[in-house]
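Colleague: Here's the letter readout for the chains.
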Amino acid sequence: MTTLAIPLPKRPAHPTGVLAWLTTIDHKKIGILYGVTAFVLFITGGLEALYMRFQLAQPGQDFVSPEVFNQLFTMHATTMIFLGVMPLGAAFFNFVIPLQIGARDVAFPRLNAFSYWTFLAGAILLKLSWFLGGAPNAGWFGYAPITGSDFNPGHGIDYWAVSLQVLGIASLAAAFNFIVTIVNMRAPGMSLMRMPLFTWMTLVTSFLLVLAFPVITVALIELMFDRFFGMNFFSIGAGANPLLWQHLFWIFGHPEVYILILPAMGIVSEIIPTFSRKPLFGYPVVVLSGVIIGFMGWMVWSHHMFTVGLGPVANSVFALTTMAIAVPTGVKIFNWIGTMWNGSIDLRTPMLFAIGFVFLFIIGGLSGVMHSSAASDAQQQDTYFIVAHIHYVLFGGSIMAIAAGAYYWFPKMTGRLMDERMGKLNFWLVFMGMNISFFPMHFLGLDGMPRRIHSYDSAMGWDLWNLVSSAGAVVLAAGILVTIINMVRSAKQGEKAGADPWDGRTLEWSIPSPPPEYNFEQIPTVHGKDAFWMQKRQRVSTVPVAGASGDSHDIHLPQPSYWPLIASIGLLIGAYGLVYSATWTGIIVGAVGLATTVVSVYAWSFEPVNEPVEGAAGH
Amino acid sequence: MSKIDRYSSRLVTVGLAVLLVLLAVGCTPEHNQSTFDATGPVARSQLNLFYWILWTAVFVFVVVGGILIYAAIRFRRKPGDPDPEQTHGNTPLEIGWTVAPALILAVVAVPTVTTIFYNANSPDPGSLTIDVVGHQWWWEFNYPHPDGSDSVVTAANELHIPVDEVININLDSKDVLHSFWIPKIAGKVDLVPNHPNQMWILAEEPGEYYGQCAEFCGVAHANMRFRVIAQSRPEFDAWLSTQAQDAVEPIDPLALRGKALFEGDARCWSCHTVAGSKRARGQQGPDLTHVASRAHLAAGIVENTQANLRKWLEDPDAVKPGNLMARDAEVYNDPVRELTGADVSALVAYLRGLD
Ligand SMILES: [Cu+2]
Ligand SMILES: [Cu+2]
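Protein chains in written order, with our numbering: chain A, 75 to 693; chain B, 8 to 362.
Just chain A, same shape as in the assembly (with noise of 0.2 Å):
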């Protein structure tokens, strides 16, 4: 293979330290990356929340400006959504699927990593608006046209177009990753029908992703071209209707919240069979209904827009449609309680977040399928109780599966459990703290009260269940403290794990924890679902008899790279330029990036997968 000319560092052969991460394409390293970044992500948007919470603790406060609280609530949403339970669910993309799948890594590995630094520029960029004139402050939709120009000139809007536009590519990335892993590197016996939940909806998941991208792209290059160039999309003297916006924004939204819950759907459905000790119930209608929900995801998008008027026939359909996607969702429900029914059931840590998943479920589904109501949703939309709602699916659902997720794989990950104690304790904390931040939000939003407010008047009655949420809000910080502690404590000292410390029933429990590169010395096959369990219980071995040399000197893999790294680099600066476009710094500033980008794939497409390294024999 040709050396480039320009002199670049040595391709690393065995990085240790900070190197090693920097350059990993292993994908367990990645997923580690994605979850440790994710989470702290996730903890600066509930910083945000937190002080929101505490100015409208009390009626008529200061504590924040107006500016400032629409700065926040738009950040802790583009947040929560982008930054946290997204890169989240990568983080188990990443790190679970090819373990469960019996492969040794992704199809795509340098793509992977470049998808997480992709990620981290969007962060990056994301955050920095705080400090460089100002956070976006139009919601996390954007709704034309108060993000134009005229009515929002600071650059705070150009920061949220351009680092949505970066996240897109780091999510597409992963989902084109994933689609492509999980078709073709099963392990031999694996059929789709053989396949761990976990993986079928990371693969339902992936496909939304991949279709839902691309439209919310496009709304946003018609806004940038506004901003940037005096384009008229979505201007109102020109004539545009703002509705355009709307439609984009949701035909892409809508997915997006299957995006977010679908795969804490797959977490959920791992983790209840496991500590209940049998097969998940209904597994072919389960699956079938995970990918029923994803195709109907495209079917409902206007029940956000029930309220601008696109009159009775319209309203009327999408109310049926939506309340029609409530019927896979509650068969999935069902088939969870019938996985527990007659089982024997260990009410670990992960198993208590995933029942609380589907309480808190239970309650966000029944609320949503009151505002699938489009008549009776005229009262609720744009209130607190959609402000409940949404915190019931995404919180309830999203985060307590997420947090299942983390107390179950966590000893993989790292070969110690997480503390038990601490974990009875964590879920306690942040079950009662959400029920007490935002259960009152259904009575505030019902009495009246909008969303997106600064501040409220004493006169109008929403003293009360404003201080009870905020006080949850408390509760569920120290919640997440807890987790926080937890994690760093158990990963330093925690109790060794063992390979299969939950009885598992999947293949990632039936390698070492945590798993070495390679994951499987010997590629399994695969008998059944529940391959693992089948191999315990009904003695059916995964492992091939013929070859079982156990020689794991002759697994080759790809080796680390930069360029990935790089790319990513090029990325942000480019990002960063364009948001300045107007002026030629910013031109000059973005051509860099760009071209640092290119030349970076460039070089990477002609880096061998492998590359006999000097000095270290044949590895």
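Just so you know, the hints here were simulated from the structure itself, not pulled from any lab data.
You may find that some hints are simply not true.
Unchecked claim - Below, simulated PhoX-like cross-link-like pairs (lysine-lysine); rule was C-alpha separation at most 25 Å, straight line:
#1 K498(A) x K85(B)
#2 K103(A) x K566(A)
#3 K610(A) x K85(B)
#4 K570(A) x K103(A)
#5 K570(A) x K498(A)
#6 K570(A) x K85(B)
Fit chain B with the ligands to the known structure of chain A by using the hints.
Modeller: Showing chain B with the ligands alone in chain A's frame:
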């Protein structure tokens, strides 16, 4: 159950009970924007629908949530328990719990569709029609002129309607999105620029109702409120014919000086209309022809008293952070043109006379 579990679940039960009691206490009718206190057919149809779905949902929640908790407790593993039977499913059961939610949803779907159509079609398209225009962050209300001509009577932030009559509302915005919401009378409909909307309302009881912009519209979104005054037909007619008249000419010397300022150096005229004045024809701010007749200032934020008007003119941003008068009027953003205390007194005297 371990001790910590038992303790925690007891706490949860107590917590929920306390919540329910507080809910009962918390929903008393003096809550100005409570959707439970419907006083018109539109809000009532929405409330009835809500109750119908609510009770269905509560039923489902109790059953399904109950079974979940029961299962979690009943089937807990005891030390030495053998593996449970590895059942993979049960087809009749699964068909059953696919059909059951579908049936329950049908129960909700039918009244949903009928209510959507009931709310969408005005029962009397020929009755009084009011044009509502949303502005950052105040409301413009245009009534048909009582003399039957094509011209309109413009008012702001206080919507007067005759009680017990169907009122048709046209909704439009000249800047960003807003949403027109009077919780006790009707659910919201958005004001979308370049996409005019319609709705109908009817208030059954005379009185004052709270309205609120419900779609995020920028810095002062929280403070974009309004009041609805529902009154008897004769009262309404009297009010409308007063509003249709030109502004009262001031006689008091202080007020006269205020008028001169308003139409001169203070440049209030550039944004405000005062009917009858040749100069004051501005459109960016609320019509002030009868500003003194309104009970509130700055879109339902403060009562319209002498002291509050003074505060407003001294420093509008302190009363309503971010409002466009504070941002754009020269007397507030150009220190050279700042109003003196005497100027403010004169303007107050003038405006207080405009009833
Ligand atoms: Cu949706
Ligand atoms: Cu508003």
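Colleague: All the hints need checking, so say for each whether the structure fits it.
Modeller: Status of the hints after comparison with the structure:
no.	hint	result
1	K498(A) x K85(B)	holds (19 Å)
2	K103(A) x K566(A)	holds (17 Å)
3	K610(A) x K85(B)	holds (21 Å)
4	K570(A) x K103(A)	holds (20 Å)
5	K570(A) x K498(A)	holds (19 Å)
6	K570(A) x K85(B)	holds (24 Å)
Hint compliance for this structure: no hint is broken.
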